[in-house]
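Read off the chains here:
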Amino acid sequence: MGLNLRETGSTPKVWHPRTAAEAWAYKRNFGPDGVYVAGGTLLRTQWEAGIVRMPANLIDLSGVGGLSDILIGEDGLLLGSQTTLQACRMHALLQRTFPMATDAVRSIAAPSVRHLATIGGNVASVVGDAVTALLAYDASLIWHTGDGERQEELTDWLLTAFQPGSLNDRLLLSVKLPFPDEQDRADSSAKRVSAYHKVGRREAFTPSLVTAAVHGFLDASGTVESIRLAVGGGQTVPRRLEEAEREMTGQTLDAKLLKHVHARIMELYEPREDVFADSAYRKRTAANVIVAELWRASRTST
Amino acid sequence: MLLNRASVGERWRIRPDGPAKVTGSLEYLTDMAREGMLHGLVLRSEYPHARIRSIRTDQAKRLEGVHGVLTYLDVPGLNAFGIARPDQPVLCEDRVRYVGDAVACVAAETPELAARALALIEVDYELLPVVAGPIEALRGDAPQLHPQGNALHRTSFRRGDVEEGFKQCAHIVEETYETPRQMHTYMETEGGLFVPEADGRLTVYSPTQHGFMDRMQLSRILAVPQQSIRVVSSPIGGSFGGKDELNVQPYGALLAMHTGRPVKIHQTRWESVRAGLKRHPMRIAMKTGTDAAGRLIAHRASIVADTGPYSTLGAEVLNFATEHVIGPYRYDHVDVEGVSAFTNNGMSGEFRGFGGNQAIFALEGQMDRLAERLGMDPWAFRKLNLRRPEDPGPFDQPIAATEGAVKVWEAIAECSLWLERGAPAESGQAMLEPWIKTGIGAAFTMHGAGLGVGIPDPAGGRLTLAPDGKIEAAFGYEEFGQGLIATLELMLIEQFGFAADDIRIIIGDTDAVPDSGSTTASRATSMMWKSLRRLKEPFASRLLERAASVLDAETGELRLGEGGIRERAGEALLLTYRELADAEQSPIRCETSFSFPTSPTDRVGAHFMYTYSAVAAKVELNVLTGRVKVLRQFHAVAAGPVMNPQGYLGQIEGGSSMALGFALLEDAVMEEGRYMTRNLDTYLVPTIADQRGAVDVLPIEHLPEGDEHGPRGIGEVGSVTLGPAIAAAIRQASGKWVTRLPVDPASLQETPVFLSEAVNGG
Numbered sequence: 001m002g003l004n005l006r007e008t009g010s011t012p013k014v015w016h017p018r019t020a021a022e023a024w025a026y027k028r029n030f031g032p033d034g035v036y037v038a039g040g041t042l043l044r045t046q047w048e049a050g051i052v053r054m055p056a057n058l059i060d061l062s063g064v065g066g067l068s069d070i071l072i073g074e075d076g077l078l079l080g081s082q083t084t085l086q087a088c089r090m091h092a093l094l095q096r097t098f099p100m101a102t103d104a105v106r107s108i109a110a111p112s113v114r115h116l117a118t119i120g121g122n123v124a125s126v127v128g129d130a131v132t133a134l135l136a137y138d139a140s141l142i143w144h145t146g147d148g149e150r151q152e153e154l155t156d157w158l159l160t161a162f163q164p165g166s167l168n169d170r171l172l173l174s175v176k177l178p179f180p181d182e183q184d185r186a187d188s189s190a191k192r193v194s195a196y197h198k199v200g201r202r203e204a205f206t207p208s209l210v211t212a213a214v215h216g217f218l219d220a221s222g223t224v225e226s227i228r229l230a231v232g233g234g235q236t237v238p239r240r241l242e243e244a245e246r247e248m249t250g251q252t253l254d255a256k257l258l259k260h261v262h263a264r265i266m267e268l269y270e271p272r273e274d275v276f277a278d279s280a281y282r283k284r285t286a287a288n289v290i291v292a293e294l295w296r297a298s299r300t301s302t
Numbered sequence: 001m002l003l004n005r006a007s008v009g010e011r012w013r014i015r016p017d018g019p020a021k022v023t024g025s026l027e028y029l030t031d032m033a034r035e036g037m038l039h040g041l042v043l044r045s046e047y048p049h050a051r052i053r054s055i056r057t058d059q060a061k062r063l064e065g066v067h068g069v070l071t072y073l074d075v076p077g078l079n080a081f082g083i084a085r086p087d088q089p090v091l092c093e094d095r096v097r098y099v100g101d102a103v104a105c106v107a108a109e110t111p112e113l114a115a116r117a118l119a120l121i122e123v124d125y126e127l128l129p130v131v132a133g134p135i136e137a138l139r140g141d142a143p144q145l146h147p148q149g150n151a152l153h154r155t156s157f158r159r160g161d162v163e164e165g166f167k168q169c170a171h172i173v174e175e176t177y178e179t180p181r182q183m184h185t186y187m188e189t190e191g192g193l194f195v196p197e198a199d200g201r202l203t204v205y206s207p208t209q210h211g212f213m214d215r216m217q218l219s220r221i222l223a224v225p226q227q228s229i230r231v232v233s234s235p236i237g238g239s240f241g242g243k244d245e246l247n248v249q250p251y252g253a254l255l256a257m258h259t260g261r262p263v264k265i266h267q268t269r270w271e272s273v274r275a276g277l278k279r280h281p282m283r284i285a286m287k288t289g290t291d292a293a294g295r296l297i298a299h300r301a302s303i304v305a306d307t308g309p310y311s312t313l314g315a316e317v318l319n320f321a322t323e324h325v326i327g328p329y330r331y332d333h334v335d336v337e338g339v340s341a342f343t344n345n346g347m348s349g350e351f352r353g354f355g356g357n358q359a360i361f362a363l364e365g366q367m368d369r370l371a372e373r374l375g376m377d378p379w380a381f382r383k384l385n386l387r388r389p390e391d392p393g394p395f396d397q398p399i400a401a402t403e404g405a406v407k408v409w410e411a412i413a414e415c416s417l418w419l420e421r422g423a424p425a426e427s428g429q430a431m432l433e434p435w436i437k438t439g440i441g442a443a444f445t446m447h448g449a450g451l452g453v454g455i456p457d458p459a460g461g462r463l464t465l466a467p468d469g470k471i472e473a474a475f476g477y478e479e480f481g482q483g484l485i486a487t488l489e490l491m492l493i494e495q496f497g498f499a500a501d502d503i504r505i506i507i508g509d510t511d512a513v514p515d516s517g518s519t520t521a522s523r524a525t526s527m528m529w530k531s532l533r534r535l536k537e538p539f540a541s542r543l544l545e546r547a548a549s550v551l552d553a554e555t556g557e558l559r560l561g562e563g564g565i566r567e568r569a570g571e572a573l574l575l576t577y578r579e580l581a582d583a584e585q586s587p588i589r590c591e592t593s594f595s596f597p598t599s600p601t602d603r604v605g606a607h608f609m610y611t612y613s614a615v616a617a618k619v620e621l622n623v624l625t626g627r628v629k630v631l632r633q634f635h636a637v638a639a640g641p642v643m644n645p646q647g648y649l650g651q652i653e654g655g656s657s658m659a660l661g662f663a664l665l666e667d668a669v670m671e672e673g674r675y676m677t678r679n680l681d682t683y684l685v686p687t688i689a690d691q692r693g694a695v696d697v698l699p700i701e702h703l704p705e706g707d708e709h710g711p712r713g714i715g716e717v718g719s720v721t722l723g724p725a726i727a728a729a730i731r732q733a734s735g736k737w738v739t740r741l742p743v744d745p746a747s748l749q750e751t752p753v754f755l756s757e758a759v760n761g762g
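Protein chains in written order, with full-length UniProt numbering: chain W, 1 to 302; chain F, 1 to 762.
Just so you know, the hints here were simulated from the structure itself, not pulled from any lab data.
Where is the CB? At the ideal position from N, CA and C, for every residue including glycine.
Check each hint, because a few of them may be wrong.
[Stated by the list, open to error] To give a feel for the contact side, a few chain W residues facing chain F, derived at Cβ under 8 Å:
(1) Thr-45
(2) Ala-49
(3) Arg-202
(4) Ala-255
(5) Asn-288
(6) Val-291
(7) Trp-295
Required output: the full structure, derived from the provided sequences and hints.
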């Protein structure tokens, strides 16, 4: 399919920085007339739909060194922002250690898109499907800020990411997934509950309506030791449901608690609706899939 | 025997157009280019309904590199098109009635320049109130979209006295069904190359399902004789009814004639969605009653269709729906009324199934509800009320009798999927994932083929021994992916004994083929078969007579074979077709023309030949999300002999894929006359992941002794029955009735059962 001809103005200039600092300098220089581009898969759909105008300058990140690898750090796995979704999907350690991230990436778009699109781009879009899974792993983001690197909790960044005046000239270098605590790994009687769900309007190659992730541990008696719940989907900015998490922690995961969690998700999750699915459907779906995973875990742990 | 690659053996062939399509090397008409060609674009209306105060094109015309900017003032002939009734403006003069209406068109040296020129055209609109739906359109105070009012067409059919009938009923079911605005979603969007020739003629390379109809319509618009236009129309990257009507051809033709240069137009998907046809959304209210024993007594149906702004084949689609809401059942009293209303929504028109899909969803929904009301097995209920072979058609018209209905019924009754319905296997999964529910349902149809009574429906073809020794088969049919070329080749091999190498197939070129009618309405295979049957004796005997004289032999000693004329008793090749052609002064040629058989009735649109089909489907419902997956399908299709196994299977599988989309996914959502689904990222068709379940197809080839009509159509029927079968399966899985397609997952969601237990136990 060709470009939507009506949306093409003049062709943008494409710049090819070799370092993060150089990329940042371009962005600083161009301001709103320059846009970072990684795989370009999302930008392209936005230009074609006329949602955003093609900028005068594209700052191509594919040549920036060192951003396309998945590295094992001291306390976490570092996903270089230019790592393609396909490379994330095929990475054995990521799959073994953070399977929800692999699940999330697997269900984004279609193979042709996943070979171009990057994990950094998915995060930078704010509403990417991977974000929900990354939240459940308590991920943080490492930015190039012009005068060095800065680490920021993903949850914190999401709170301000869509606000006007947010620091959008920073360059995302990597996504850090912290390795599980020693304690979690040592306690072999703890039962892990970990699942990611994407619900869309069809089975594949579909925007999400709802994304939901649940990650935590139950002890041998079925008490919730730790839990993270994350929800997103569509144009909804993903978020943790920290109130519900706190209310669950230390409680026995029984029918009463499940019912409570279901009700709390319905309250706390505030999805954006569109002509295809209303808020009520999205709330019920998120609550249902999360509680079903908890129920499943509660049954096998006792 | 199930139809598949293993069961058909050598008849499973590599289709002639297969390798080029699979490798991507095939050049479609929209891939064509000419040196020095211009690029055309069409300016579509900004509003669903508005008066045009003025159109100013001066700025656009002044742009360097722009060679033509045309408005209604530049249409030399009839400024309108429409297969049945030409009321759609080529270029709007004073009013626009939908967002796809064309106001101007431009040709420029590059696509970018054309886009810039388009942006420079100034149209001054005065907004008019939007007629956003058919029911609204038919109200007395609605803005009138056409001089004859907002009702494009009304239908009615009555038998007996339905009110009296309902009085006798022990059980009555009343329900209203709604179906979506489905898009054809062919891979190749509309377009073509338009070339003014040195001799003053115009060649149109642009996909259509009926080249001669396009030629006639274009000649009317251009005010030139039909013979001065050549339409080349195949190969086509999918059509499904959506390219039968003119789309961009008028603009390409006008721009090419105006500029004297070749013009290429190829719509983006956005333009295709905006301007193109869709399936008619219908609202069908039904009231159906039986006696205490379950015999149908009275059936009333009321159809309201949204036909959009212009006629195209809206009236014909409504006629078809009116016939098919009666269906393959016996009732004493019937009362059907239909209306197709003009609106400011998108254009509705011809689409595979042609109104049958909507009708059968409603009708089969009634059958399932009545069976349940009676406590009967739904399939036994259908048997009780099923038509007999000698019964007249739905409109009480004489039809070609077959035993298709009962044979299809039996095939479903005996299939493993239907047997499983009665005895669902307990699975361990129900304990582990109690939110997963399964169900099995089935649905039935009799689907008419051909255009029906009252509409010219020509057919025919031509066979020639060409000077180079090839056997040329020329038909006015189109290859849009259905496998027409492969089917024709296999018929020629099997009926005449030719080898594939002996044959040259010529289609899709008005300069080279006879008018065989349209490639629509499940008719092409039937008509090719009939043509070859009529041509066989004259063509074969002329070849043999000529060969006999060349060989100085008796015709009785000869036969047609692979590569040439062979001895009747043996294999010996006596004379190649090339040698025979060389010995002749002029090509040996036979041609036939006839009409698609019709019923002897005055009822416009009534059919004579029917395909009977039913499908059983198993679905899985996840009540957490309300999402439905189709796990398995079994199709039984009674359509006479299978001409091309691969094509037959492809038609049923492909049709069922469209039906799956119709039932579960697809709807071109409109609000106030504007599409909310403007591209394929929001208008979702099934992917392979949505249709992983097996599809079994059982062809029932039996025809009565002496049947003269041969293979029945299978092009549409696969797309008809799966929707209601899925709805029935959902009923078994969830206890909920579906009345609206596509199924809304929210309506099937449930709070997980373990939470209800918590309440009960709590």
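Hints versus structure:
no.	hint	result
1	Thr-45	holds, 6 Å
2	Ala-49	holds, 7 Å
3	Arg-202	holds, 5 Å
4	Ala-255	holds, 3 Å
5	Asn-288	holds, 4 Å
6	Val-291	holds, 6 Å
7	Trp-295	holds, 5 Å
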